[in-house]
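A.B. asks: Next come the chains, spelled out residue by residue.
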Amino acid sequence: MYHVKVYITYKPSILDPQGEAVKTALHRLDYQNVETVTVGKYFEIDIKDDGRSIEDEVEKMCDELLANVNMETYRYEIESVTQTAED
Amino acid sequence: MYHVKVYITYKPSILDPQGEAVKTALHRLDYQNVETVTVGKYFEIDIKDDGRSIEDEVEKMCDELLANVNMETYRYEIESVTQTAED
Amino acid sequence: MKYAIIRFPGSNCDWDLFYVLRDVLKVTPEFIDYREQQLPADTGAVLVPGGFSYGDYLRSGAIARFSPIMEDVKHFADTGKPVIGICNGFQVLTEAGLLPGALRHNMSLDFICKPQPLSVVNNQTLFTDQFEKDQTVMFPIAHGEGNYYCDDETLTELKQNNQIVFIYQDNPNGSTADIAGIVNKQGNVLGMMPHPERASESILGGADGKLLFESLVASVEMAVG
Amino acid sequence: MMTELSPVDIKAQKLYQQWGLSDDEFSQVEKLLGRLPNFTETGLFAAIWSEHCAYKNSKPLLKQFPTTGKRILQGPGEGAGIIDIDDGQGVVFKAESHNHPTAVEPYQGAATGVGGIVRDIFSMGARPVAMLDSLHFGELDDTQTKYLVDQTIAGIGDYGNCMGIPTVGGETTFDDIFKHNTVMNAMCVGLLDNADQQKGAAAGDDNPIYYVGAKTGRDGIQGAIFASAEFSDEQESQRSAVQVGDPFAEKQLMEACLELIHEHTDILVGIQDMGAAGLVSSSAEMGAKAGYGMELNLDLVPQREAGMIPYELMLSESQERMLLCIKKGHEQEVEDLFAKYESEAVQIGHVTDSTQYKLYQHDQLVADVPVHALVDEAPVYHKPSRRPARLDQAAGQFEPTINDLNETLIQMLSQPTIASKHSIYERYDSMVQTNTVVAPGGDAAVIRLRGTDKALAMTTDANPRYLYLEPHDGGQIAMSEAARNIVASGAIPLGITDCLNFGSPEDPEVYYELEQATKGMAEACEIFETPVISGNVSLYNEFNKQPIYPTPMVGMVGLIKSSDLITTIDFKHEGDLIYVLGQTNGDFNGTEIQKMQQQEVSGRLFDFDITYEKQQQDLVTNLINSHLLQSAHDLAEGGLAVGLAESSFNGNVGIDVAVDMPQNYLFAETQSRFIVSVAPENQAAAEKVIGENGALIGKVGGSQLLIRTNDQDINLDLAKTKQTWREALACQLN
Ligand SMILES: Nc1ncnc2c1ncn2[C@@H]1O[C@H](COP(=O)(O)OP(=O)(O)O)[C@@H](O)[C@H]1O
Ligand SMILES: [Mg+2]
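Chains as they are written, first to last, in this note's numbering: chain R, 1 to 87; chain X, 88 to 174; chain P, 175 to 399; chain E, 400 to 1133.
It should be emphasised that the hints constitute simulated quantities derived from the structure, not laboratory data. You may find that some hints are simply not true.
As the list claims (entries may be wrong) - Covered, in the sense of this in silico footprint (three residues per stretch, anywhere, with C-beta under 8 Å from a C-beta of chain R), are these stretches of chain P: (1) 230-243; (2) 275-282.
Said to hold, decoys possible - Some, not all, of what chain E presents toward chain P, calculated at C-beta under 10 Å: (3) Lys455; (4) Gln702; (5) Asp828; (6) Lys1087.
We put the beta carbon where it would ideally sit given N, CA and C, even for glycine.
Based on the sequences and whatever the hints tell you, model everything.
C.D. replies: The following block contains the structure:
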């Protein structure tokens, strides 16, 4: 079993209105020391090991569905977990 | 300067309609081995060091604005970076 | 000749298109379920309606584009026949790669619904030949993710090929180059955020949109011969 | 995880009190059962006997409302009421409050409020065709309120927009009293072919009970109980009943249910949404209504979380769920239909020919109660009432101070309660379904009835400030304002729904307000011939014992017989004559100008005569039916000057008006008034109808707002003034 974390953000050249809005809100709440805010999407995905390369699979998922590569970039982390009882 | 990453997800008992929709879509795309998908928010925040405890500040930001603690949980990572030229 | 209106789970301007085609243009619309493999043989045009396919979850249009029917919509477009995507339909067509670029959240981050003045920049397409060049038209917009984006290279291409069809006179959402609607290079696939079907009867406040459907119908009828 | 106390411990430790049952109520349950209730059973009674579900404190007052009439096909008692609109069609509507959830989590609270009311409408067999809302917030002077407003609007918009239901109207006011208790009421209007009318009843021995829609989780457990308690500082941490809305799932659920109703008429016995107190209230009510018992197997309930106990499963308020009773033998048909919409349909039990309501989990009988005890035996209380001292004030009226009349008008137009609400309603899709003829921004919204020449007008109204100063007359005025809006748009009022938003009924002064407001409303219903066909009560809107102003929202729907009667507020042509209909007096207590100049409303409310009101409304109806009007606009908050400005702004054309009154009177809020405009060629005909009940005050035209009074004049540039009025609210929200 793999526990995968995927992070998606706009490409640096693209203005991120959500990040700007959050920054303004933080400034208004008196966090004047906040310099930049980027807002992105975050996915936690549990994937059963089926023998295929997990990296390949995650990249394909991102390219096909999770990110729109015209405007977004992604990165991911893969953790291998041994199947145990759920909490 | 600190580089802070904040991850926000719904509490386990809260419905995550996006996560469900993405999971169904992944299954339809033949990623049958995907077991669960959680969709959350992800923030990257650059904060100038102003002497106050950065942990306290980040937690306050999360409690006040970034997360709704009635239904979301958050975690964060703080990296201390020496101010260099931006990329 | 049928006008195929593609219906995804969450489409909600499907009936609006249906009524305009049937009651105003007096042609024959037909709903096509997203699970179908093929368009009807006598399809003259494909219309991808507005709404919230799959709730706009993830990104608007991102999930709908994998629907079985989309394969045949691509084939249909490849044969040069007309495909139009309105609002969510535009988002689906960009996600599906039938049109360049992408649609981001509005600059204000808010959903916006109001009548919006547009200029018809290109009246040489099969969707717009009943308009005057640079005519001002009033079409309502109603979207949260209508902020058109493309990179500089694509924008240059769009301009060079005269692919920009409608622009906002008063950019409401932050769209690159005020773009409200574009066609593909071949000119037979149109995507636009504003809703011509909401402006096709004077009782609803204006009938500028009717010209777009009249252009389309004329071209479909002509193709049949 | 919850632990289940034994029946003896529940009694000894008085656990039921935490769930809102009093000692007396608990003894009554004990008596009804002839034994101590177990943990699950106690929970079922606590939920169904909560104010939110049982109306135990408000029922006697609701009895005052007229609920019948020759057009009424369904009065209160079902998901929503129905009124006949001829040609075999009915209009279905209801309003619901989601105040408490919105205060805690404005986005989701507002969104799920919309989701809930939409389910009520389609459960009747109707297709939802319009939404309205009624919102009352605190002042826009703190960040928290701005955030609340923003998120509430976003929640309402996102849900309705995604469902493809246009939000065509509503109202929004701002007063400090609502700071900790947002009022968020949503109203949904649907259309029905009368043959498709449904009921929430489960009849027929052994007929299957189907659960359709989203899975059940632990969200919103005790929501009904929670809605029946006040807020206070100490309680902040208990606010955990947040539910997340999934409008996409609801859209699919709606389409599936409507297809079942419209195309499989023969197999559906009853349908009801799972709203407050979720599964228990919907299933018990469906059984009780039909006079049947029910057995449910909780193991079959679709569950999102593991290890849920019966109490949690029954009381969860997870959204986007419905309960169906179908005819035996058609199980496959139902399951296939829902599968087509990627929605789940699961049989969880069946109707029984008994009077018992039985629940099983893991092969154990976990609850076994007489269904009527649960649904029909809830106590009803006649609470003590006491007239608040503030109502007995000297009759004197507030006197506005006006130095610069132009300046005063500009200041008035910038008040958030008066300023244009476009920055709110433009976040709602008001046009989807392509029937919206009069979009938000005028008086009532109007949608056409496709395939006919008729149209429906609809509005929501309440002026809590008036009710605070005089609940009885305030209740009448809320009704009158609604009717005035409907009439001004060319419609005949058909009926109303309401949301009674008040403080705690345990407070005798609040109970007095409730009593008087409903009395005033009921009288007005008779006068306007608008029965109450549905509604909702939201009590305990208090923070640290401070109740909100009495806020009974009136949602009214009217019928426009032909499209040429549709009338809008905007001045249309240069040269049209402007008339003000009705008397103007020095009525300033409770008004916007009093609020603006002294930061609060006070004194005794001005006099109100509902007979005169009705006469003035009939006058406008006559004028419209005789095709004599170019525009009609009712006067409300802000009075004559604001009303004239609004008609000018909407028509983008100036006015030249002279009134024979002191300048102050421009801002008086005397009721029963309209501004109408008349084409010059219709002057004689119009004046014959108007007679002594109105006066010609000027003409449409030019690019100035020009209003002469006995004192100073208003002389303002139309475009600039309009800009101020349009931008004021947006600026204050930022
Ligand atoms: N203030 C009111 N005026 C008239 N009818 C009301 C009022 N409050 C509730 N009702 C009616 O009582 C019935 C139960 O209401 P409610 O519990 O809100 O319905 P639901 O179960 O759909 O949430 C409904 O038919 C409703 O229309
Ligand atoms: Mg209901």
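A.B. asks: So, as I understand it, the hint says Asp828(E) touches chain P; can you test that by seeing if any CB pair is closer than 10 Å?
C.D. replies: holds, 5 Å
A.B. asks: Do three or more residues of the segment 275-282 of chain P come closer than 8 Å to chain R, measuring C-beta to C-beta?
C.D. replies: holds (count 7)
A.B. asks: Hold the hint about Lys455(E) up to the distance rule: shortest CB distance to chain P must be less than 10 Å.
C.D. replies: violated, 38 Å
A.B. asks: Tell me if chain R covers the segment 230-243 of chain P under the three-residue, 8 Å CB rule, please?
C.D. replies: holds (count 5)
A.B. asks: Taking the closest Cβ pair, is Gln702(E) under 10 Å from chain P?
C.D. replies: Result: violated, 22 Å to nearest chain P Cβ.
A.B. asks: Report holds or violated for the interface hint on Lys1087(E), using the least CB-CB distance to chain P and a cut-off of 10 Å.
C.D. replies: Violated, about 30 Å.
Checked against the numbered hints given earlier, this structure breaks hints 3, 4, 6; the rest are met.
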